[in-house]
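This is what each chain is made of:
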Amino acid sequence: MNTASNVIELDSVTKALGGIKILKNLNLKVPDKSVFAFLGNNGEGKSTTIRILTGLIKADSGSVYVLGKRLPEQSIEIRRQLGCIVDSPALYPQLNGEEFLRIGCYLKKLGMREIDHVLDIVDLANARFNKIEHYSLGMKQRLALAMALLGKPRLLILDEPTNGLDPSGMQEIRELICSLPQKLGCSVFVSSHLLDEVEKMATHVAVLEGGNVLQQAELSNIVNQQTGQLRLEVSNSSNAQGILKSRSIEAYIQSENQIIIKDIESQDIAQINRYIIESGIELLQSIYSKPSLEDWFLTATSKTRS
Amino acid sequence: MWIALLKSELLKTKRSLSFLMMIACPFAVVSLQALLMLNKDGGAMIEKSGWKMLWMMGDSLWCYFMLPLYVALVSALLNGNEHKNQTWRVMMTLPIKQYQLYLTKALLAWFYIVGANIFLFVWTAILILLFMLLGVTNPAENFSSAFDYPIIKQLSKSAISCLPILFFQHALSWRVQNIVAPLAVGVIATMGILKIGQSEHWIYYPWSYITMANMGGDPDAQTTALILSLSVSGILLFVSTLWLSRKEVYS
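Just so you know, the sequences run in chain order L and A. Per the working numbering: the first sequence = residues 8 to 313. Per the working numbering: the second sequence = residues 582 to 832.
The shape of chain A in the complex, shown without the other chains (with noise of 0.2 angstroms):
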């Protein structure tokens, strides 16, 4: 049944807004960091530094910005398409559980997420390659050190630690019939990171822990963070089944 829901789930964002942002989210980030980078002489820095910073900057503006800001849409997107369509009624009356529907509504957020890193780190490759071709930067001195970034274990990081404020914004977006707010939610929260994940009271503000695991200032946070977010996910995901699930469908 969860396969055949999750296939379900898939096909329904079939031509949607989902799949286009999770290529979009992505290219944006790493467009706003090219044009960053062709303005303040990209070129002599990343000979200077390498191209670790660029998968740094790339990364940074990733976990502060971005990320939070498409979780919020991505799960948004998905319960709206159904708050849109009217279309809960249909799935109730199919043979499946609400707690299902949620589950597996969730986890395909998930893997949108896990989609729109991969994506993260093919645009940001395909920039490098671009930046070579330009001639930007050296191509024969720089290309060995042009993947030396651990981006990979970066992007796993921060796809685990986004866990909390995806369920949370799974649930609100479930249970609240219109988009904006659970996206009005996600842009305030998103801005609280600046103040509030740079003070000791980041624990407290799951919103932080995306940069904290990723970006952290000495390795015990980073684990806090992502044995933070393991737990409160796990809390949150469970707490919300229970609740949401039971709900009756009106719309």
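In isolation and in its complexed conformation, chain L is listed as follows (with noise of 0.2 angstroms):
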């Protein structure tokens, strides 16, 4: 059963598509005013789950609750206060941009005060007569993205926003996808595939792989659980190694000045380093790095599939 404190509840939700089964009883939990990542790799059913959730298909079996309430019943409902961007941005290319997003507002019976509003915000006010076939993919995606904005939606669903977008149009979509829940006070569910761009602005995350979700976390919690490695520049890389073997600590030797020590918390990089000096050996350089959401990620499928 959906809980308020949910914009979407999905429960055993099941798809097939041309026989082959895509979503195996998925569940997931999107809380409200998260920025949440869907991550997966490619034909592991996150196009299908949005398509499902925007109601455009239909789920097979199980249930599920966008916003409190049920698909595809109140799909009507849904859509009022919901925006989304479904793959890549489909646009009228003959229009301008104020023309294609008075489509939106008369559909969602808006005024066409709406359409100043959302350009403000994608910053496309000065391009709104131009057709949108004179506009740059990243112009598209912002216009895309004023669409899914009419109406304050409390949820935005985006499938792979910076999908095809150069570093600069990236910035700008992610910047812009991190400000919506404190400028509009909205949630958002982002697909992607991008991780390094996921780990800069989701609040969760989930993994999805053959139709069922592996993990599904916060993405402060997964960073602070994480253990990390330290690697150390010294002038005798046998000798540190063997330092710390005394004191139970296991070093893989990478070359003659430089060794790794791995899952280690961040608090005991100061002792390591104390137990080298104190030996006599210099230390040259010491650098810590936590993995980073991709290694997780990386980690996690990588963990089914054997």
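Rather than coming from a laboratory, the hints here were simulated on the basis of the structure. It is possible that part of the hints are untrue.
[What the hints assert, rightly or not] Per the computed footprint, the stretches of chain L lying under chain A, defined by three or more beta-carbons under 8 angstroms from a beta-carbon of chain A, are:
#1 55-65
#2 106-117
[Unchecked claim] Dumping the calculated DSSO-like pairs for lysine-lysine here, alpha-carbon to alpha-carbon at most 30 angstroms:
#3 L/K159 x L/K76
#4 A/K678 x L/K28
#5 L/K297 x L/K36
#6 A/K665 x L/K147
#7 A/K828 x L/K116
#8 L/K31 x A/K828
#9 A/K678 x L/K116
#10 A/K595 x L/K115
#11 A/K621 x L/K116
#12 L/K40 x A/K678
#13 L/K76 x A/K828
#14 A/K633 x A/K621
#15 L/K147 x L/K190
#16 A/K828 x L/K53
#17 L/K65 x A/K665
#18 L/K65 x A/K828
#19 A/K678 x L/K115
#20 A/K734 x L/K147
#21 A/K588 x A/K828
#22 L/K115 x L/K147
#23 A/K621 x A/K734
#24 A/K678 x L/K36
#25 L/K159 x L/K138
#26 A/K678 x L/K138
#27 L/K115 x A/K828
#28 A/K588 x A/K665
#29 L/K36 x L/K190
#30 A/K665 x L/K116
#31 L/K297 x L/K40
#32 L/K36 x A/K828
#33 L/K76 x L/K36
#34 A/K588 x L/K65
#35 L/K159 x A/K595
#36 A/K595 x L/K147
#37 L/K76 x L/K31
#38 L/K116 x L/K190
#39 L/K159 x A/K665
In this text, a Cβ means the ideal position worked out from N, Cα and C, and glycines have one as well.
Assembly of the complex is requested from the two constituent chains, each provided in isolation within its own frame, with the hints serving as guidance.
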């Protein structure tokens, strides 16, 4: 059953396309006011899930609640409070930006002033009368986002919103998405396979593989829970390894002057550095790095494969 | 909601081929007519038979040939706009139901057909004025008979009798992504009018209803064609709305 604190709740959802089961017993809960990243490799069912959430297709079984309302029965009520970009931006190239947004205003029963508001948010006010066919890919993506923002939606569902954009375009869209929960008070559900992008904007993540959610967590928990690796540049790596081994710390020699210590927590770094220095070995550099979301994702998905 | 949908559908056709074709197709018919008249001493023909002959010629070219093709074209263009730009997924995530969009598109296509009929009238009237100005015929003698032909009644009949093929073509172009398929069906079916439309089996062939309603041999046949058009179109619209407004959107 759905709870008010979740904007999306999927319970035992299945979906087969062309005889192939894409979603197998999918369970997912997206908390309110979050930027929720839905991760997964291509073909794992991200877009199918998004199509179900937006009412474009129906689940074969299971229950789907969006904004506390059940799909597909209450799809119209849901769509009034929903903004979405499914796949690449789909626009009418012969229209100009403002005309395109007028379609959304007509159908969401909004005043035309709403167009000014969303164009300001996506920074397209100056290009509003230009034909869409002359827009760059980044501008098209922002216009599609403006359409999704019409009517101050409570939930935004974005499918690969930075796909095909150049680095500055990616940054623009990313900053825009990050600012939306504060600016509009909405939750954002975003699918992507660009993990460094996700790491910069999400508050929660879930990994989809083989039609099931493998893991779901707050991004801060993932980052905080994870141990990192320490790379030490020393005058003699064999001696340093020996010293650390005598303290029950396993180190791996990378080169004559470099050793690596895996799976350590940040509070242990100072102690390790002290062991090396006190033993008379020269410590040239000490670099601690935590695994990225990408490492976490690859570890999670490789576990199921193995 | 219906008005909002109609406004948005109308907006989508701005700067599109649908609007241009509404003007161009009747213009093509009237141009062809003008060329035929000039080639066969039109002045003498008009003086002999009056302007009625010009209206009739335009009406038959329209009903036999251009209107069925235009119906296929306009429905293919309206739906093709969504297929080509993959905008079904935008429309179907807005707060509207699929059947509403389906019916609105059908209505808009019909408005375009009515618009094309009006343009046929306008272009023909302009042709008459041009013929008078250019001295193809004597204006003083023939002006009074220029608008004798019941063209408005005839065009109203064609706007009703084209409904079955409009709903068939609309369903086809809504369902099929490729714009060529509904156009090919339209062209082939239009060619069939010449053969089947003049046989006793015309009632089984909705493409012949337009010609029968306008130019059927006796008034009974014309009435039958109109009744058949309304009945068949009603059934087609009902069945296709039930069937097609449940499709899942993948593109």
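May I ask which of the numbered hints given earlier this structure violates, with the numbers listed in increasing order? Of the numbered hints given earlier, those the structure breaks are 11 and 20, listed in rising order.
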